[in-house]
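There are 4 protein chains.
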Amino acid sequence: MHFASDNSGPVHPQILQALTEANSGYAMGYGADAQMETLRQTLRELFEAPDAAVYLVATGTAANSLALATLSQPYQTVFCSSVAHIHEDECNAPEFFSGGAKLTLVPGDDKMTPQALRNSIESEETRGVHGPQRGPVAISQVTERGSVYSQDELQALCAVAAEFDLSVHLDGARFANAMVSLGCTPAEMSWKAGVDAVSFGGTKNGCMGVEAVIFFDPKHAWEFELRRKRGAHLFSKNRYLAAQMLGYLKDGLWLDNARNANANCDYLAEGLRKAGAEFLHSPDANMIFASLPRATHQKAFAAGASYHLWDGGLEGPEDELVGARFVCDWSIGQDQIDQFLALL
Amino acid sequence: MHFASDNSGPVHPQILQALTEANSGYAMGYGADAQMETLRQTLRELFEAPDAAVYLVATGTAANSLALATLSQPYQTVFCSSVAHIHEDECNAPEFFSGGAKLTLVPGDDKMTPQALRNSIESEETRGVHGPQRGPVAISQVTERGSVYSQDELQALCAVAAEFDLSVHLDGARFANAMVSLGCTPAEMSWKAGVDAVSFGGTKNGCMGVEAVIFFDPKHAWEFELRRKRGAHLFSKNRYLAAQMLGYLKDGLWLDNARNANANCDYLAEGLRKAGAEFLHSPDANMIFASLPRATHQKAFAAGASYHLWDGGLEGPEDELVGARFVCDWSIGQDQIDQFLALL
Amino acid sequence: MHFASDNSGPVHPQILQALTEANSGYAMGYGADAQMETLRQTLRELFEAPDAAVYLVATGTAANSLALATLSQPYQTVFCSSVAHIHEDECNAPEFFSGGAKLTLVPGDDKMTPQALRNSIESEETRGVHGPQRGPVAISQVTERGSVYSQDELQALCAVAAEFDLSVHLDGARFANAMVSLGCTPAEMSWKAGVDAVSFGGTKNGCMGVEAVIFFDPKHAWEFELRRKRGAHLFSKNRYLAAQMLGYLKDGLWLDNARNANANCDYLAEGLRKAGAEFLHSPDANMIFASLPRATHQKAFAAGASYHLWDGGLEGPEDELVGARFVCDWSIGQDQIDQFLALL
Amino acid sequence: MHFASDNSGPVHPQILQALTEANSGYAMGYGADAQMETLRQTLRELFEAPDAAVYLVATGTAANSLALATLSQPYQTVFCSSVAHIHEDECNAPEFFSGGAKLTLVPGDDKMTPQALRNSIESEETRGVHGPQRGPVAISQVTERGSVYSQDELQALCAVAAEFDLSVHLDGARFANAMVSLGCTPAEMSWKAGVDAVSFGGTKNGCMGVEAVIFFDPKHAWEFELRRKRGAHLFSKNRYLAAQMLGYLKDGLWLDNARNANANCDYLAEGLRKAGAEFLHSPDANMIFASLPRATHQKAFAAGASYHLWDGGLEGPEDELVGARFVCDWSIGQDQIDQFLALL
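Protein chains in written order, with my numbering: chain L, 1 to 344; chain S, 1 to 344; chain X, 1 to 344; chain Z, 1 to 344.
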């Protein structure tokens with residue numbers, strides 16, 4: 001009954017297998033390996049973007065921070081959701097990599113609306129040289145609250161950015177889960193909607209530690225390479241990053257994993273609904289934010305379930321509602337969920 | 001005949017095996033996994049340092065830059081060899097992570113001498129608030145030119161640092177190769193000699209991508225953790241970093257790998273010497289810097305050998321001496337060397 | 001009828017006179033001048049703080065940014081009002097000088113309340129290493145909206161900071177105006193209330209360009225000096241900064257200027273009130289934020305008045321209310337205000 | 001007998017007078033004042049550069065650091081003399097403002113030679129993404145050792161930079177002294193020679209604290225403005241910076257001051273030569289670096305002379321040669337020099 005995070009599960013065997021297969025002989029270091037060349041072409045085809053610049057790093061924070069640093073200037077502000085990972089969970093990494101750019105939090109408790117984004121953009125850069133200048137718009141898909149922007153919503157946000165001539169970065173730590181949820185193509189969920197750069201996650205969906213950064217306009221390529229090296233995120237043995245992601249993309253494993261996670265999440269959500277949970281956000285992919293009485297959580301934790309709580313956690317009146325986050329990772333089975341739901 | 005780098009060889013099977021064994025069930029993320037706890041104790045015992053703070057990152061540049069940033073202030077200067085990796089090969093990463101600290105290059109073409117280090121230290125901070133302040137001393141062991149500081153030399157450098165109350169960082173990307181060369185213990189090559197923090201390399205000696213950072217004084221621990229996270233170098237699936245290093249340390253693999261590399265390097269050096277090579281530095285571990293006539297390099301490359309050249313490389317008069325770097329990695333066999341030497 | 005800013009008026013003649021008197025013979029540079037020594041003692045006595053570290057810079061942004069950078073770490077967040085000058089009007093200078101620290105905006109449209117501050121502090125640093133760590137609290141006195149914290153309010157904010165062991169910086173760009181408004185002593189409005197460091201403004205109150213930074217705990221002194229030099233804010237001819245501030249403090253000029261500005265502001269506020277203005281904030285010192293019908297602004301601007309407008313400014317329906325900021329500087333006379341009020 | 005520095009003398013009365021004349025009525029802040037507009041045109045004419053972007057800051061370190069940050073990227077290296085002010089005397093300000101760019105020290109003990117510069121440039125950026133990339137060339141004119149590049153030398157250095165497509169910054173803290181020494185025009189000593197941006201000093205030659213930064217290509221203008229504001233170097237009461245520099249340029253005062261300083265320096269050098277001094281560098285402008293026996297320095301200091309010493313200063317054997325720096329500022333008179341020479 002592990003619902004704590006999609007980064008606490010194991011690596012998918014197919015990906016471990018890819019690592020093993022890559023482990024033969026010499027390979028040029030720092031991205032000049034053959035796997036990387038294959039992967040580059042694979043991702044370009046997948047995204048229908050033959051000129052895209054494609055890079056690998058090992059953490060999502062690196063992908064996001066380096067991409068945003070490449071798209072911004074230190075005297076600018078990045079527009080993002082007030083609950084964005086880049087704001088809440090990266091210990092100032094975007095500020096660090098960008099050289100001190102600011103994050104402007106678009107009001108709201110989950111998805112940004114086009115209107116709220118517009119208001120935030122309009123309220124910045126009204127003070128000439130005194131305030132920060134407008135910088136890129138950062139969108140998370142899946143959001144940090146487990147919801148997914150529809151294609152229309154995504155396009156509308158990008159249209160606002162385009163109106164102000166701002167670039168758009170998509171934090172796709174759970175790109176596959178969102179895509180499967182929407183039933184669209186990678187291109188539709190990125191450049192066709194108006195996105196300039198994507199963090200294409202692998203780690204949360206069965207890889208060991210690898211994220212791709214894709215710039216649809218290759219003019220950013222060299223600057224990104226230098227920033228990646230300067231940020232100590234260029235791997236000497238890059239082939240093992242490339243191999244992971246090749247294993248991840250092979251035979252649609254990435255989509256299978258995401259489908260499994262999302263389906264189990266649906267199943268869990270349905271069970272929680274029946275058990276009287278109140279949903280705090282729409283569980284559109286593989287994460288559920290919901291409230292249950294504290295007594296229920298106490299029972300679940302006593303039985304060995306693990307997930308995140310707030311509102312005081314397990315301590316307090318039994319009948320008080322306590323918020324919780326449930327994450328289904330690729331490896332979860334329905335049996336675990338049944339076991340959990342049986343407790344409620 | 002691959003002598004290009006010790007990061008182009010494969011991962012040792014025992015380390016892949018450790019990854020596979022770690023790949024079971026759930027594990028808490030971000031360093032709270034059981035493997036990490038085991039590794040922490042293992043490294044503390046290995047270094048005879050029960051209070052040491054032990055962390056993992058995936059690249060050597062991250063290990064060096066984060067350690068130095070933790071030991072320094074942005075208005076200080078770091079003292080290092082003029083050919084240090086942190087100066088030449090990290091694309092300003094130390095300057096980036098430290099917030100703009102300077103590197104003061106101690107004159108010399110390889111090892112720092114205590115006298116040259118002292119001169120450099122004395123010539124800084126003679127200008128009050130106007131110049132950078134004295135910061136940590138950074139030593140590479142093995143050096144970037146393949147030589148190894150003797151225990152006496154290491155202690156003498158640390159003594160100079162201590163005299164000025166400066167901390168000492170040891171870049172041990174090739175820690176094992178140096179230790180095997182000296183025949184000393186990890187503690188003797190670090191805190192017993194006066195070193196405050198070590199980058200303990202795994203990647204170049206058979207791992208996939210993992211380096212430990214060890215602070216012998218744990219007061220630096222929390223700051224390092226924050227800097228690591230802010231630098232996007234905290235792995236969510238940290239267990240796979242820990243597993244690599246546990247596999248690396250198990251049954252003395254790390255020493256066996258280093259012994260093999262160093263022994264083959266000795267063998268190659270002996271062959272090169274017989275073939276008339278001029279040594280540019282003392283080949284004390286697993287790297288050789290030597291000059292050979294261009295015609296010899298042309299023959300070797302034509303036969304498929306690969307290693308680094310300068311002085312114009314393969315283009316130019318045949319009898320001109322051309323400098324080359326030969327690196328023996330853990331996986332190299334004597335047959336490859338024999339094949340190569342047969343060409344000379 | 002100049003109400004645009006308290007930095008567009010002239011320098012007080014007494015301060016120019018002090019510059020002229022300082023302009024004789026040689027003086028040691030970089031703060032080693034005799035005027036600086038005199039000023040240091042003067043400010044220590046004024047603040048009843050015999051050990052305080054006292055420095056001069058030429059801009060308010062430098063004073064704030066350097067003080068906050070000295071009190072914070074790059075992986076921390078500074079707590080401030082959502083309309084703080086450091087957030088809105090310094091083009092990311094605090095982020096720059098701190099090396100990428102974040103600003104957490106305490107909700108509200110002017111003064112921070114102790115409860116809102118506490119909520120903001122409590123909501124940070126609940127994520128271990130993932131989120132930014134709690135850093136200093138930054139208070140503006142006078143606020144950017146022209147109101148003044150009472151002694152009780154100031155103490156209550158500092159008490160919240162102290163509870164979490166956070167330091168407090170006071171942006172006193174209009175220190176004199178606030179003090180005159182409260183009728184308290186410099187010490188009461190700073191360290192006695194719990195403030196650790198003050199930006200003590202001169203520029204807006206009759207100086208040419210000088211601000212003091214005062215740390216009540218001298219342990220910050222040397223770091224500040226290095227940060228000031230590294231930030232290019234150490235003046236070689238520091239005596240002319242010191243002379244300005246000595247001229248400013250002499251015979252209570254600083255208080256006279258502030259009293260004049262505040263009294264004229266009261267007088268203007270009274271006139272605006274009679275003319276039907278709606279006050280957006282409490283005009284406690286020398287600034288008024290108020291709404292008037294657009295037609296009134298049009299008439300005033302046509303007659304030569306100057307001040308800041310928003311809500312579309314002069315363009316739009318005549319009867320719409322349009323927000324405005326009126327600032328009275330030290331040099332303003334009642335006649336200008338009468339002339340302006342006669343237009344309304 | 002004050003030869004310590006050209007920033008310890010007084011402000012020229014004509015400049016104080018300009019400040020007094022500027023001190024009337026209201027003026028728009030932050031550079032929108034009328035004096036600034038006049039000055040911009042004056043400097044454009046003076047430099048025969050009608051499109052130049054012209055800005056003011058108050059310190060030389062600000063001028064240099066902001067200009068270099070505008071011309072460089074954080075993953076680049078700036079090429080400069082090993083004794084450049086930006087390296088030795090700015091406490092890492094260039095590293096700070098550039099976001100961590102490196103300084104590559106061109107070997108030599110004073111002026112850079114075109115060959116040494118070329119060698120340094122060629123030795124960088126030979127390592128692909130691993131080393132810092134080539135960035136701007138920074139030239140000091142007058143150098144930190146008191147010598148002046150001839151027009152030919154300056155052009156030759158700029159030609160090397162141009163060959164590698166690198167921009168050139170000229171640190172002209174003593175621009176007037178160099179120009180008077182060469183007998184050339186401002187344009188000849190800047191853009192006509194190949195310089196892209198100049199720090200045009202005022203402070204050391206009679207101003208209170210003002211330096212202009214001039215970009216001959218205005219494309220850098222807006223970025224510089226943002227960096228200046230973010231660096232806290234935009235003055236609210238900018239008119240007093242502009243007034244200083246207008247007073248400085250009026251009726252050729254800047255050239256008169258420099259001529260006086262240089263002439264007195266020549267006179268002092270001649271006297272020192274006769275007294276047996278050994279010159280360490282060519283005293284081409286207003287600074288002399290020379291060795292004299294310690295006994296001579298002891299006598300001079302005992303009589304009240306002040307200047308910088310090294311080689312142990314006043315302590316040591318009497319007959320040992322001790323290096324000294326003598327600076328003649330604009331205000332020095334021949335009588336002081338005669339008084340000093342009489343001591344030798």
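Note that these hints are calculated values from the structure, not bench results. Only a predicted model underlies this, so the values are computations on that prediction, with no experimental measurement involved. Here a beta-carbon is modelled for each residue, glycine too, at the ideal position from N, C-alpha and C. One or more of the hints may lead you astray.
Said to hold, decoys possible - In the DSSO-like style, the derived pairs of lysine-lysine whose C-alpha atoms are separated by at most 27 Å in a straight line are:
#1 L:K274 x L:K299
#2 S:K299 x S:K274
#3 S:K192 x S:K250
#4 X:K299 x X:K274
#5 Z:K299 x L:K219
#6 S:K219 x X:K219
What the hints assert, rightly or not - Non-contacting residues of chain Z with respect to chain S, defined by C-beta distances greater than 12 Å in every case (computed):
#7 R259
#8 S291
#9 S306
Which hint numbers doesn't this structure obey?
-> 5
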